Amino acid sequence: MARADRVAQLLAELLRPTGDGEGLALRLVTAGRKTLDVAGVGLSWMTEQGPAGTLAVTGDAAEVLEELQYSLGIGPGVDSSRSGRPEMQPDLEQVDIGRWPGYTSGALEAGVAAVFAFPLQVGGIRLGVLSLYNDTPGRLPASAVEEARALAAAATAVLLHLQSSAGRRGGLHADLADTVLDRAEVYQATGMVSVQIRSSLSDAFAVLRGRAFSSGREISDVAHSVVTRQLRFTAGEM
Amino acid sequence: MVSREVRIGQLFVELADTLTADFDVVEFMHELAEACIELLEVDAAGLMLLDLHGTPRLIASSPDFMRELELFELQSDEGPCLDVIETGQPVTNVDVSGAKERWPRFTAVALGAGMKSTHALPLKLRDHLIGVVNLFTRTEQHLSEEDIALGQALADVASIGLLQQRATQEPSLLAEQLQTALNTRILIEQAKGVLAEHSGLDPADTIRLLRAHARHLGAPLQSVAESVVNGELDPMDLLQEPSKTGDPDQHD
Chain A
1 MARADRVAQL LAELLRPTGD GEGLALRLVT AGRKTLDVAG VGLSWMTEQG
51 PAGTLAVTGD AAEVLEELQY SLGIGPGVDS SRSGRPEMQP DLEQVDIGRW
101 PGYTSGALEA GVAAVFAFPL QVGGIRLGVL SLYNDTPGRL PASAVEEARA
151 LAAAATAVLL HLQSSAGRRG GLHADLADTV LDRAEVYQAT GMVSVQIRSS
201 LSDAFAVLRG RAFSSGREIS DVAHSVVTRQ LRFTAGEM
Chain B
1 MVSREVRIGQ LFVELADTLT ADFDVVEFMH ELAEACIELL EVDAAGLMLL
51 DLHGTPRLIA SSPDFMRELE LFELQSDEGP CLDVIETGQP VTNVDVSGAK
101 ERWPRFTAVA LGAGMKSTHA LPLKLRDHLI GVVNLFTRTE QHLSEEDIAL
151 GQALADVASI GLLQQRATQE PSLLAEQLQT ALNTRILIEQ AKGVLAEHSG
201 LDPADTIRLL RAHARHLGAP LQSVAESVVN GELDPMDLLQ EPSKTGDPDQ
251 HD
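For the record, the sequence lines run as chains A and B.
Okay, so the first sequence: first residue is 1 according to our numbering, each after it adds one.
Okay, so the second sequence: first residue is 1 according to our numbering, each after it adds one.
No lab work stands behind these hints: they were computed from the structure.
Treat the hints with caution; some may be incorrect.
[Unchecked claim] Stretch by stretch, here's where chain B covers chain A in the computed footprint (C-beta under 8 angstroms, at least three residues):
no., region
1, 38–52
2, 174–180
3, 187–198
[Unchecked claim] Only some residues are given here: those of chain B computed to face chain A with a beta carbon under 8 angstroms:
no., residue
4, 90
5, 176
6, 177
7, 179
8, 182
9, 186
10, 190
11, 191
12, 196
13, 198
14, 199
15, 229
Model, not experiment: these values are computed from the prediction.
We put the beta carbon where it would ideally sit given N, CA and C, even for glycine.
Working from the sequences, and respecting the hints, build out all of it.
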């Protein structure tokens with residue numbers, strides 16, 4: 001089947017009312033996990049600056065890995081979004097240790113052996129990344145790669161569809177806004193740290209990431225400490 | 001040969017077909033560019049659409065040579081199209097070689113492509129500028145008022161086609177809008193953090209300061225947030241405002 005036909009079919013299935021109240025993004029990753037027969041599927045925002053939050057996830061390990069990638073700002077999804085091409089890692093044990101410090105070891109610890117990331121983009125605009133996770137090493141069959149590409153295209157359409165019904169110009173659809181609100185403390189902490197260390201926001205974010213990495217905590221956890229004023233950074237921290 | 005009026009009529013009939021699902025707006029714009037060349041006896045025509053940042057983006061042009069393409073594309077930086085965007089008025093019968101000081105790069109590329117005169121007409125919907133039609137001739141030919149009126153009629157046809165395209169939510173515009181909306185939400189949270197650090201308030205409580213200041217300035221919340229994070233706005237200015245103007249609605 002041509003990919004466009006498959007994408008249309010996927011969307012038709014997703015848009016069929018089910019009455020279970022699940023968001024479209026969650027239905028999409030759930031459907032993907034089933035048809036692709038993988039251990040987990042995650043869908044995340046990406047901006048020019050890197051990961052911007054998890055839109056939907058299925059499978060415990062997938063949740064851990066999306067969080068890990070967000071915390072560290074590195075991983076196959078980030079690379080895939082940057083290059084605009086799928087990033088295939090059929091065996092994380094074989095990945096060069098310096099490529100994604102902290103990410104590879106964290107993934108293996110969470111029981112993930114293989115990651116396949118597919119970019120969501122419209123023209124030159126990067127919107128996100130769809131990641132497939134497996135608990136055993138091994139390549140994705142060609143038919144599954146094609147299906148994953150169709151799924152990524154359907155995910156792009158879902159995001160645009162949600163946004164087109166957002167109403168007020170410049171607003172964000174409620175389903176999508178929740179993703180940012182989930183990370184609100186991280187962005188608030190970024191603002192606070194930028195004042196504490198008199199730096200740019202991106203440097204402040206890097207400091208938070210560095211602390212998360214060196215202390216083995218999630219970035220949202222470090223951010224919570226900053227927002228509740230249990231943790232401060234000083235200018236020498238950089 | 002069909003008369004100009006008949007050809008315009010044909011284009012309007014085609015425009016009526018824009019309501020069908022399979023309408024290809026880029027193809028239609030391309031046809032309009034060719035109609036400009038044919039009816040106004042110019043040598044190159046480009047239709048540009050403003051993106052969300054107000055920058056002109058080439059959507060269709062004729063002929064499709066590289067040199068002509070560059071001629072249109074470089075006008076996001078300089079050239080007559082920017083004048084039209086600024087004033088909303090047509091810029092007609094511009095002598096290219098006389099514009100060297102004002103638009104050095106534009107002039108060099110235009111002369112390199114053998115173009116001697118240029119004209120730029122606004123694409124308008126009611127009072128709202130949505131793009132520019134840009135025309136070039138290889139001779140120093142001046143367009144008559146009748147020519148310009150005809151060119152403007154073609155531009156109006158293009159405007160309606162573009163409106164149709166916007167209505168069907170062209171994916172890349174929507175994607176850009178989505179990306180902007182996402183970045184705005186993040187920016188507002190970051191600004192709350194900056195204010196929290198300066199004020200000692202809980203970040204969640206600073207949104208009312210941002211809102212009150214936005215209302216005070218009559219500016220959008222996002223631009224106040226942007227000024228706070230890039231340091232253009234002194235956080236103390238926001239903190240000193242009377243809190244009674246604040247909005248009790250905390251959710252954002």
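**Item:** Cut-off 8 angstroms, beta-carbon criterion: hint that residue 196(B) touches chain A
**Value:** holds, 6 angstroms
Let me know if the C-beta of residue 199(B) comes in closer than 8 angstroms to any C-beta of chain A, holds or violated. violated, 10 angstroms
### Message
Quick check on residue 229(B) please, does its C-beta sit within 8 angstroms of some C-beta on chain A?
### Response
Interface hint status for residue 229(B): holds (6 angstroms vs cutoff 8 angstroms).
How about residue 191(B): closest beta carbon in chain A under 8 angstroms, or not?
-> Residue 191(B) check passes; min Cβ-Cβ to chain A is 6 angstroms, inside 8 angstroms.
Is the shortest C-beta separation between residue 176(B) and chain A less than 8 angstroms?
holds, 6 angstroms
Quiz item: How about residue 177(B): closest beta carbon in chain A under 8 angstroms, or not?
Solution: Nearest chain A Cβ about 6 angstroms off; hint holds.
Hint check: 8 angstroms Cβ-Cβ cutoff, residue 90(B) to chain A: violated, 28 angstroms
Can the hint on residue 186(B) be confirmed by a CB-to-CB distance to chain A that is less than 8 angstroms?
-> holds, 5 angstroms
**Report entry** Per-stretch coverage check for the region 174–180 of chain A, three Cβ contacts closer than 8 angstroms to chain B
**Finding:** holds (count 3)
Would the stated hint for residue 198(B) survive a check requiring a Cβ distance to chain A of less than 8 angstroms? The hint holds - residue 198(B) has a Cβ within 8 angstroms of chain A, the shortest such distance being about 6 angstroms.
* With a Cβ-Cβ cutoff of 8 angstroms, does the region 187–198 of chain A contain at least three residues near chain B? -> Check passed, 10 qualifying residues.
(message) Just to be careful: measuring from the Cβ of residue 182(B) to every Cβ in chain A, is the smallest value less than 8 angstroms?
(response) It holds, given that the least Cβ distance between residue 182(B) and chain A is near 6 angstroms, below 8 angstroms.
Consistency with the previously given hints fails for numbers 4, 14, ordered from lowest to highest.
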